[in-house]
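Heads up: the sequence shown begins at 1178 in our numbering, then just goes up one per residue.
No wet-lab data here; the hints were simulated from the structure.
Bear in mind the structure is a predicted one, so any value in this text is a computation, not a measurement.
One or more hints might be untrue.
Said to hold, decoys possible - Pairwise CB distance ranges (calculated):
#1 Gly1248 / Pro1354: 29 to 39 Å
#2 Asp1294 / Lys1419: 13 to 23 Å
#3 Lys1319 / Glu1422: 11 to 21 Å
#4 Glu1411 / Leu1192: 30 to 40 Å
#5 Lys1428 / Leu1192: 44 to 54 Å
#6 Arg1182 / Arg1329: 40 to 50 Å
#7 Leu1192 / Gly1297: 15 to 25 Å
#8 Leu1192 / Arg1431: 18 to 28 Å
#9 Ser1211 / Asp1433: 45 to 55 Å
#10 Glu1332 / Leu1424: 15 to 25 Å
Idealized CB from N, CA, C, for every residue including glycine.
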Amino acid sequence: MNRYRLCGIQIEAGLDPGKNLEKLVSIFQEAARSKPDFIILPEMFEVVTKPEDAVHHTHAVPSDITDLISGLARENAVNVIGGSFFEKDEELIYNTALVYDRKGEICGKYRKIHLFDAFGYGESNVLSRGSEPLLCELDGLKFGVAICYDIRFPEIFRHYAVQGAQAVFLPAAFFQPNHDHWQLNIKSRALDNTIFVMTSNHTGRNFVGRSMAANPWGISIASMGIEEGYYCVEIDVRQIEKFRERLSFLKNRRFDVKLKQDS
């Protein structure tokens, strides 16, 4: 396959997990009727809460919440980038995104590498950092997964591009009022690496909404405002090589110049 239809879900999640999941399932089913190849869910789709309250909303893998998303993927025969939830692994808690194939099988796990310790918000006070990027291939599409704050760190996106990723999927709960940062980072990560970047964000009083997909030229090719719902975009991965023929960032890199690394 060269062409893929992608859908991203955008919701305003409250503090009631049951209502949040009911809303998510409803929007998911609506998006699935458009016959996408991939559906991307937001970060912390079950409940958006303060880090110190995460202990009350943890799940193992597998669990009821993973079974729910697995069932949606299987029933609709669609690949799913399963947003993220608070994963309990022994005594540690992670912000974890799972990838499900069209049969509902879990085929990848990504634990958020860059925890959000900014603007007075301290994820690392409670959550543990992930340490492994995730590169997957489904239906012939090679893609990486990142979560929210990861968008501000170019290194992981460059890693994925060098490893052959054609796209990066990014579930997010990106805070207000930084919508300019949000849109700039999405376009920059796509342009820097000549890949597609597809996001699924929260909206509402505290979050910027504006879920967006950017092409390898760093141009928005589909986006939302601050409404709840979903958006879809069709991508053709053959565009990547066409863009790289014109602007060869990956080929033009210098390996003979040794830059001092921060310790």
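Checking against the hints above, which ones are violated?
Failing hints, ascending: 2, 6, 8.
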